[in-house]
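Sequence order for the protein chains is A and B. Note that this note's numbering has the first sequence beginning at 1, numbered continuously upward. Note that this note's numbering has the second sequence beginning at 1, numbered continuously upward.
Check before you lean on any hint, since a few could be wrong.
Stated by the list, open to error - With a straight-line Cα cutoff of 30 Å, these simulated DSS-like cross-link-like pairs (lysine-lysine) come out:
| no. | chain 1 | residue 1 | chain 2 | residue 2 |
| --- | --- | --- | --- | --- |
| 1 | A | Lys104 | B | Lys163 |
| 2 | A | Lys104 | A | Lys174 |
| 3 | A | Lys234 | A | Lys17 |
| 4 | A | Lys234 | A | Lys261 |
| 5 | B | Lys163 | A | Lys17 |
| 6 | A | Lys109 | A | Lys179 |
| 7 | A | Lys109 | B | Lys163 |
| 8 | B | Lys82 | A | Lys17 |
| 9 | A | Lys307 | A | Lys325 |
| 10 | B | Lys84 | A | Lys13 |
| 11 | A | Lys56 | B | Lys82 |
| 12 | A | Lys314 | A | Lys234 |
| 13 | A | Lys17 | B | Lys84 |
| 14 | A | Lys71 | A | Lys17 |
| 15 | A | Lys261 | A | Lys17 |
| 16 | A | Lys307 | A | Lys319 |
| 17 | A | Lys319 | A | Lys234 |
| 18 | A | Lys104 | A | Lys71 |
| 19 | A | Lys325 | A | Lys234 |
| 20 | A | Lys71 | A | Lys179 |
| 21 | A | Lys13 | A | Lys56 |
| 22 | A | Lys109 | A | Lys174 |
| 23 | A | Lys13 | B | Lys163 |
| 24 | A | Lys320 | A | Lys234 |
| 25 | B | Lys163 | A | Lys56 |
| 26 | B | Lys163 | A | Lys174 |
| 27 | B | Lys163 | A | Lys71 |
| 28 | A | Lys179 | A | Lys104 |
| 29 | A | Lys179 | B | Lys163 |
| 30 | B | Lys43 | B | Lys230 |
| 31 | A | Lys307 | A | Lys320 |
| 32 | A | Lys56 | A | Lys71 |
| 33 | A | Lys13 | B | Lys82 |
| 34 | B | Lys163 | B | Lys82 |
| 35 | A | Lys307 | A | Lys234 |
| 36 | A | Lys56 | A | Lys17 |
| 37 | A | Lys109 | A | Lys71 |
| 38 | B | Lys84 | B | Lys163 |
| 39 | A | Lys261 | A | Lys307 |
What the hints contain is simulated information worked out from the structure, not anything from laboratory work.
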Amino acid sequence: MIRIENLNIHLLKFHLKNIDLTVETNEFFMLMGPTGAGKTVLLEAIAGLISADTGKIFIHGEDVTRLPSEKRGVGLVYQDHALFPHLNVLENITYGLRFHRVSKEEGEKRLRRLTELLDIGHLLSRLPINLSGGEKQRVALARALIVRPRVLLLDEPLSALDPGFREEIRNALKSLHQKTDTTFLMVTHDFGEALALADRGAVIDHGAIEQVGAIHEIFQRPCSGSVADFVGMKNLFEARFQDGTADVCGIRMRMNGAPEKHHRYVAIRPEDITVARNSLPSTHENTLPGVVTSITSQGFTYEVHVKAGAVTFKTLVTKKSLVNKEIREGLEVFISFDPPSVHTF
Amino acid sequence: MRKKEPFFWFTLACGTFIVAYILLPLIELITSPSISDLWESIKDKDVVGSIRLSVYTAGSAAIISFSFGTPLAYFLARHEFKGKRFLEAVIDLPIVIPHPVVGIAILGIAGKNHWIGQIISELGIRVLGSVTGIIAVLTFVGIPFYIHSAKNGFEAVAPRLEKVSRSLGASMSSTFLRITFPLAWRSMLIGIIMCSARAISEFGAVVVVAYHPMTAPVLIYERFEGYGLKYSQPVAVWLVLVCLSLFFILRMLTLRKAKEA
Numbered sequence: 001m002i003r004i005e006n007l008n009i010h011l012l013k014f015h016l017k018n019i020d021l022t023v024e025t026n027e028f029f030m031l032m033g034p035t036g037a038g039k040t041v042l043l044e045a046i047a048g049l050i051s052a053d054t055g056k057i058f059i060h061g062e063d064v065t066r067l068p069s070e071k072r073g074v075g076l077v078y079q080d081h082a083l084f085p086h087l088n089v090l091e092n093i094t095y096g097l098r099f100h101r102v103s104k105e106e107g108e109k110r111l112r113r114l115t116e117l118l119d120i121g122h123l124l125s126r127l128p129i130n131l132s133g134g135e136k137q138r139v140a141l142a143r144a145l146i147v148r149p150r151v152l153l154l155d156e157p158l159s160a161l162d163p164g165f166r167e168e169i170r171n172a173l174k175s176l177h178q179k180t181d182t183t184f185l186m187v188t189h190d191f192g193e194a195l196a197l198a199d200r201g202a203v204i205d206h207g208a209i210e211q212v213g214a215i216h217e218i219f220q221r222p223c224s225g226s227v228a229d230f231v232g233m234k235n236l237f238e239a240r241f242q243d244g245t246a247d248v249c250g251i252r253m254r255m256n257g258a259p260e261k262h263h264r265y266v267a268i269r270p271e272d273i274t275v276a277r278n279s280l281p282s283t284h285e286n287t288l289p290g291v292v293t294s295i296t297s298q299g300f301t302y303e304v305h306v307k308a309g310a311v312t313f314k315t316l317v318t319k320k321s322l323v324n325k326e327i328r329e330g331l332e333v334f335i336s337f338d339p340p341s342v343h344t345f
Numbered sequence: 001m002r003k004k005e006p007f008f009w010f011t012l013a014c015g016t017f018i019v020a021y022i023l024l025p026l027i028e029l030i031t032s033p034s035i036s037d038l039w040e041s042i043k044d045k046d047v048v049g050s051i052r053l054s055v056y057t058a059g060s061a062a063i064i065s066f067s068f069g070t071p072l073a074y075f076l077a078r079h080e081f082k083g084k085r086f087l088e089a090v091i092d093l094p095i096v097i098p099h100p101v102v103g104i105a106i107l108g109i110a111g112k113n114h115w116i117g118q119i120i121s122e123l124g125i126r127v128l129g130s131v132t133g134i135i136a137v138l139t140f141v142g143i144p145f146y147i148h149s150a151k152n153g154f155e156a157v158a159p160r161l162e163k164v165s166r167s168l169g170a171s172m173s174s175t176f177l178r179i180t181f182p183l184a185w186r187s188m189l190i191g192i193i194m195c196s197a198r199a200i201s202e203f204g205a206v207v208v209v210a211y212h213p214m215t216a217p218v219l220i221y222e223r224f225e226g227y228g229l230k231y232s233q234p235v236a237v238w239l240v241l242v243c244l245s246l247f248f249i250l251r252m253l254t255l256r257k258a259k260e261a
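Same shape as in the complex, but just chain A:
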């Protein structure tokens, strides 16, 4: 278990402010946030590579705030793998064993198990320069896990990988977490990774924790504008609430239940908004006429902006749907969304 109490770190151009966070034993916890939010600083503070100005860090109940990095029992895997370039794969993986008084037999046993789990047995004599991105990351994982750390810290381990390898390492992470007794704390700026891997997480922005909770909870009910933006709720509007409806610049939106008193905003995911050429039956709530103002390709989908009254809605449309409905800029369309898709905070 990791417990962080009121942690403050002041660096030259960046501050980490009043961080309180608890990660349960053997949990897969995701620390999320945009680039420059302070995720890596927090990770390195837990690893003992950056010292805290105030506050405390506990690992399995032990106060490690003043302990040097090598005494914390914390493994570290970086985005760029950070394999030792002058050592081969075997030497890289077994590097840490000499510092942990592990017997030769035990070391070999652990090596065998990890190389099997990660399928890297055939790479042992190679130098890091001769490995693919995915192989490097698997070696980095084995190197960190062979010393049986209490906590494994992963700093965007999937970001530098090609999409094919990303899938492979994601699966490896999942299976490693299930098969080892280690708490995983991973940093990512990609909410999709969080959804795929973790149960719980926290969103950090500008050096402060914005929201902590179950991943689906953060996904469904972001507590602030920056979290909503981070989890992909691109339609974020200031609203006035009255009788179970939200008023956004004169547009009335039906919601599922009444918002809490202090709520001031509504947010809708772009994928929850349907674009149609004809108006849906009048029984369908939240249907608005509008004009397509822009269409931007995002690979397999298109982001279509529709201006309804004074409000521009961002919607996601598949390529097939775009072609079938002959959606183009300037076209008059109808957008609709279900009341449960209207989130408030």
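Guided by the hints, dock chain B onto chain A, whose structure is given.
Quick look at chain B alone, frame taken from chain A:
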């Protein structure tokens, strides 16, 4: 073939002039003494002694620079702090200070009128006219070259490698020995060679601190003053050969480093 622009011919002319300017005097120097002159001079005890002294003092200066400069170079490579630029400028000062001034400055604090000089003297260490004095000034002029090269070498080692090593249980010193040093040793060696090469060629500072015992540059100067060009040339050739061999090792190391990068 495409027609070359005038600028190309201008560059070529300047380049040819500079290469000729560097090579011609050196080729003339090396080819003018006969083999027998060279053989005669290498049998001369004074010549051998001076070259040996030059190599010994320059080597000692390099070892001192290595011992004291390595921690400083590492510190500069890893830390950002207020006054870092100033500290780097201080380290570079010996490069810009005129050489005889270096000798005079060293004598200024090593003399009997200075408290440091008094302590040194009480410890039984003589600076004026001694090998110790020569090593002192050679370290002064050579150390910036070592620190620069070592610092560049340390900067090229990603701090993340050291961080991972620490997280795997290695202490700071183990990390330095097992990760940083194996990755930076070539830059450190290049620094040692550059420091020695700079030190071995020093004349101005040495001649102020110690005319005797004679290093090779001082002997060359003395032979030139006393007997003329013909008698100084064979000694100069031997010194050039020593310097060239250092230069050759340096080129080999830097080329291999560039290839590996």
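Hint by hint, here is what the structure shows:
1. Using a Cα cut-off of 30 Å, the hinted pair lysine 104/A and lysine 163/B holds, with the two alpha carbons roughly 25 Å apart.
2. Between the alpha carbons of lysine 104/A and lysine 174/A the distance comes to roughly 28 Å, so the proposed pair stays at or under 30 Å and holds.
3. Between the alpha carbons of lysine 234/A and lysine 17/A the distance comes to roughly 27 Å, so the proposed pair stays at or under 30 Å and holds.
4. A threshold of 30 Å between alpha carbons decides the hint, and for lysine 234/A with lysine 261/A the separation of about 23 Å falls inside it, so the pair holds.
5. For a cut-off of 30 Å, the pair hint linking lysine 163/B to lysine 17/A stands: about 23 Å separates their Cα positions.
6. Taking the CA atoms of lysine 109/A and lysine 179/A, the gap is near 15 Å; set against the 30 Å cutoff, the hint holds.
7. This hinted pair checks out: lysine 109/A and lysine 163/B have alpha carbons roughly 26 Å apart, not beyond 30 Å.
8. Proposed proximity of lysine 82/B and lysine 17/A is supported: the alpha carbons are some 24 Å apart, at most 30 Å.
9. With a CA separation close to 18 Å, the supplied pair lysine 307/A and lysine 325/A stays within the 30 Å bound.
10. Of the supplied pair hints, the one linking lysine 84/B and lysine 13/A holds, its CA atoms being roughly 17 Å apart against a limit of 30 Å.
11. Pair hint lysine 56/A plus lysine 82/B holds up; C-alpha atoms about 28 Å apart against a cutoff of 30 Å.
12. Distance hint between lysine 314/A and lysine 234/A is fulfilled; the C-alpha atoms sit about 7 Å from each other, no more than 30 Å.
13. About 28 Å separates the Cα atoms of lysine 17/A and lysine 84/B, which keeps this hinted pair within 30 Å; it holds.
14. For the hint pairing lysine 71/A with lysine 17/A, the CA-to-CA distance comes to about 25 Å; that is within 30 Å, so the pair holds.
15. Simply put, lysine 261/A and lysine 17/A have alpha-carbon atoms about 28 Å apart, close enough for the 30 Å limit, and the pair holds.
16. Under the criterion of a C-alpha separation no larger than 30 Å, the hint pairing lysine 307/A with lysine 319/A is consistent with the structure, at around 20 Å.
17. For a cut-off of 30 Å, the pair hint linking lysine 319/A to lysine 234/A stands: about 20 Å separates their Cα positions.
18. Distance restraint check for lysine 104/A and lysine 71/A: the Cα-Cα separation of roughly 22 Å lies within the 30 Å cut-off, and the hinted pair is therefore satisfied.
19. Pair hint lysine 325/A plus lysine 234/A holds up; C-alpha atoms about 23 Å apart against a cutoff of 30 Å.
20. Between lysine 71/A and lysine 179/A, the direct Cα distance comes to roughly 24 Å. Compliance with the 30 Å bound is thereby established for this hinted pair.
21. At most 30 Å may separate the alpha-carbon atoms for a hinted pair to count; lysine 13/A and lysine 56/A meet this at roughly 22 Å.
22. With a C-alpha separation of about 22 Å, the suggested pairing of lysine 109/A with lysine 174/A holds against the 30 Å cut-off.
23. With a C-alpha separation of about 21 Å, the suggested pair lysine 13/A and lysine 163/B falls inside the 30 Å cut-off, and the hint holds.
24. Between lysine 320/A and lysine 234/A the CA atoms are separated by roughly 22 Å; this keeps the pair inside 30 Å, and the hint holds.
25. Of the supplied pair hints, the one linking lysine 163/B and lysine 56/A holds, its CA atoms being roughly 21 Å apart against a limit of 30 Å.
26. Proximity of lysine 163/B to lysine 174/A is assessed by CA-CA distance (about 25 Å); at most 30 Å being required, the pair is judged to hold.
27. Restraint check: the Cα-Cα separation between lysine 163/B and lysine 71/A comes to about 13 Å, which is no more than 30 Å; the hinted pair holds.
28. Taking the CA atoms of lysine 179/A and lysine 104/A, the gap is near 22 Å; set against the 30 Å cutoff, the hint holds.
29. Under the criterion of a C-alpha separation no larger than 30 Å, the hint pairing lysine 179/A with lysine 163/B is consistent with the structure, at around 26 Å.
30. At roughly 17 Å between alpha-carbon atoms, lysine 43/B and lysine 230/B fall within 30 Å of each other, so this suggested pair holds.
31. For the given pair, lysine 307/A sits about 22 Å from lysine 320/A by alpha-carbon distance, which is consistent with the 30 Å threshold.
32. Between lysine 56/A and lysine 71/A the CA atoms are separated by roughly 16 Å; this keeps the pair inside 30 Å, and the hint holds.
33. The straight-line distance between the Cα atoms of lysine 13/A and lysine 82/B is roughly 14 Å, inside the 30 Å bound, and the hint therefore holds.
34. Taking the CA atoms of lysine 163/B and lysine 82/B, the gap is near 24 Å; set against the 30 Å cutoff, the hint holds.
35. Pair hint lysine 307/A plus lysine 234/A holds up; C-alpha atoms about 14 Å apart against a cutoff of 30 Å.
36. Proximity of lysine 56/A to lysine 17/A is assessed by CA-CA distance (about 13 Å); at most 30 Å being required, the pair is judged to hold.
37. For a cut-off of 30 Å, the pair hint linking lysine 109/A to lysine 71/A stands: about 23 Å separates their Cα positions.
38. Using a Cα cut-off of 30 Å, the hinted pair lysine 84/B and lysine 163/B holds, with the two alpha carbons roughly 23 Å apart.
39. Between lysine 261/A and lysine 307/A, the direct Cα distance comes to roughly 29 Å. Compliance with the 30 Å bound is thereby established for this hinted pair.
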